[in-house]
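Asks: Sequence:
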Amino acid sequence: MRRWTTVGLSVVVAAGSLMAGAAASPSAKTFRNPVSKGFADTFADPSVIKAKDGYWYAYGTSDPLTEGEGDYHLLPTAKSKDLVHWKYAGDVFDESNQPEWMADPEIWAPDIRYLDGTYYLYYVVTETSVTDEGFDNAIGVATAPTPTGPWTDSGAPLVAPRRGESGDPGDFLWTFDPSELTALNGTRYLYYGSYYGGVFVTKLSRDGLHTVSEPTMVGIDNRFEGAYVVRHGAHYYMFVSSADCCAGPTTGYSVFVGRSRSPRGPFLDREGQSMSKSRAGGTIVISPNGNRWVGTGHNSVATDVAGQDWLVYHAIDRHDPYLDPPELDGVDLVGVNQRPMLLDRHDWID
Numbered sequence: 005m006r007r008w009t010t011v012g013l014s015v016v017v018a019a020g021s022l023m024a025g026a027a028a029s030p031s032a033k034t035f036r037n038p039v040s041k042g043f044a045d046t047f048a049d050p051s052v053i054k055a056k057d058g059y060w061y062a063y064g065t066s067d068p069l070t071e072g073e074g075d076y077h078l079l080p081t082a083k084s085k086d087l088v089h090w091k092y093a094g095d096v097f098d099e100s101n102q103p104e105w106m107a108d109p110e111i112w113a114p115d116i117r118y119l120d121g122t123y124y125l126y127y128v129v130t131e132t133s134v135t136d137e138g139f140d141n142a143i144g145v146a147t148a149p150t151p152t153g154p155w156t157d158s159g160a161p162l163v164a165p166r167r168g169e170s171g172d173p174g175d176f177l178w179t180f181d182p183s184e185l186t187a188l189n190g191t192r193y194l195y196y197g198s199y200y201g202g203v204f205v206t207k208l209s210r211d212g213l214h215t216v217s218e219p220t221m222v223g224i225d226n227r228f229e230g231a232y233v234v235r236h237g238a239h240y241y242m243f244v245s246s247a248d249c250c251a252g253p254t255t256g257y258s259v260f261v262g263r264s265r266s267p268r269g270p271f272l273d274r275e276g277q278s279m280s281k282s283r284a285g286g287t288i289v290i291s292p293n294g295n296r297w298v299g300t301g302h303n304s305v306a307t308d309v310a311g312q313d314w315l316v317y318h319a320i321d322r323h324d325p326y327l328d329p330p331e332l333d334g335v336d337l338v339g340v341n342q343r344p345m346l347l348d349r350h351d352w353i354d
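Residue numbers (my numbering): 5 to 354.
All the given hints hold, so there is nothing to weed out.
With a cut-off of at most 27 Å between alpha-carbon atoms, the simulated DSS-like pairs for lysine-lysine come out as follows: (1) K41 to K56; (2) K83 to K56; (3) K207 to K54.
No lab work stands behind these hints, which were simulated from the structure alone.
Treat the numbers as computed from the prediction; the structure is a model and nothing was measured.
Starting from the given sequences, assemble the full structure and let the hints guide the process.
Replies: Here it is as structure tokens:
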């Protein structure tokens, strides 16, 4: 067991034991990371939901799933009874339904939600047809009646490409890592952003398909990405990742947290430091421990039927850090970071 203290609470992250309440099957009392090993060698940026059919579903960044595979999966999906034993459940997109405004088949960092009978999936499109310039990344959203689709893109970016301060062609802020939050009063928010530009939050329309307010910075630029916000007690907790996500065995990616009374921040760490100021705060939640796993980051949170919270995240095995697939469409994919999905218990101690 490893122990970290966060804002006003202790977070205990324990690997290896799954509470009975978390399992649909009584056989899943213990587990070994990575939990995605049964269907994938890599499953980065995982987002997990307990669907209305009683199963868990996980969604990952677009990649080949296994060593030596020549197929590129556009937001792969997995299905589980107990958060531990997962099976591949298809891809969100293929050529028949991928966003028409997508110029390059790179879709990252999905975020899955459910509201009023509809599943929502938010994601990053790395290059669009909006500007005809390279790396003009944007946020998209698709909806479906079931967790496995059929998925229908909204038809246009939810958050369009944002130009950098220079205004030069090809200079775009990093509009990455979307994450939706429905606040206690029913207001919907979207968090997004990364190192180049910072992390922002904006209000969404009731149907979750449009932004309806000016964005507010909640994470300073050049420090955080991968925001994921949950409400616990009287506070909203913003989990973010920091450092390089993808440097093989030297990856330092880690998860930090701050909390606020408002979904729009400011989010403060244990010492009262704001995560949006130049002397940025952030209390460590999970980080490489010097053993097998490095690059522990881009988390989401899953709550089981017993009310137990679980951190779901990816990491890199320092002894096997890269995929080794063949060329795909003429591109040499040797050196792609292998980032499987891991699971750890997350306890709140007031």
